[in-house]
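Produce the complete structure using the sequences and hints provided.
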Amino acid sequence: MFCRVLGVVLCSTALTVYFASHSIGTVVVTTLACSLLLQLAYFASVLFLIWRDSRVGQRAEHFGSCKEVGSEPPDLDEVNESADLLQRNQMRAISLLLP
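Convert by adding 988 to the 1-based position in the sequence shown; the result is the number in my numbering.
Don't read these hints as lab results, they were simulated from the structure. Model, not experiment: these values are computed from the prediction. Treat the hints with caution; some may be incorrect.
[As the list claims (entries may be wrong)] Simulated DEER-style distance windows between Cβ atoms:
| hint | residue 1 | residue 2 | range |
| --- | --- | --- | --- |
| 1 | Glu1069 | Gln1027 | 31 to 37 Å |
| 2 | Arg1043 | Thr1014 | 40 to 46 Å |
| 3 | Ser1000 | Leu1084 | 21 to 27 Å |
| 4 | Asp1072 | Val993 | 30 to 36 Å |
| 5 | Thr1004 | Ser1070 | 46 to 52 Å |
C-beta: ideal position from N, C-alpha, C; glycine also.
This is the structure:
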């Protein structure tokens, strides 16, 4: 799906630039620049998702460690499961970055 959208965006950019300038050199440079910007945006969005996921995990740990009067301490199994889930999500996001 991502490759199809990338191909459509790059082809439409190339056609638009060619009809506007009638220059193959300008088409190549503009298409490469567009490709670079799309890759940077994709990379930044993956980093943002990793950052947001780590903040959610920190927030969950914070609320789990809050002590109210008459409440019981958090179950260690639940804490370990949350940490395992966070680690799996981070590894999944990192695997998206690697070829």
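Consistency of the hints with the structure:
Glutamate 1069 and glutamine 1027 have their C-beta atoms about 35 Å apart, which keeps the hinted 31 to 37 Å range intact. Roughly 43 Å separates the CB atoms of arginine 1043 and threonine 1014, a value that falls within the hinted 40 to 46 Å. For the hinted restraint 21 to 27 Å between serine 1000 and leucine 1084, the CB-CB distance of approximately 25 Å keeps it satisfied. For aspartate 1072 and valine 993, the hinted distance range of 30 to 36 Å is satisfied, since their beta carbons lie about 33 Å from each other.
In this structure the supplied range 46 to 52 Å holds for threonine 1004 paired with serine 1070, their Cβ-Cβ distance being about 48 Å.
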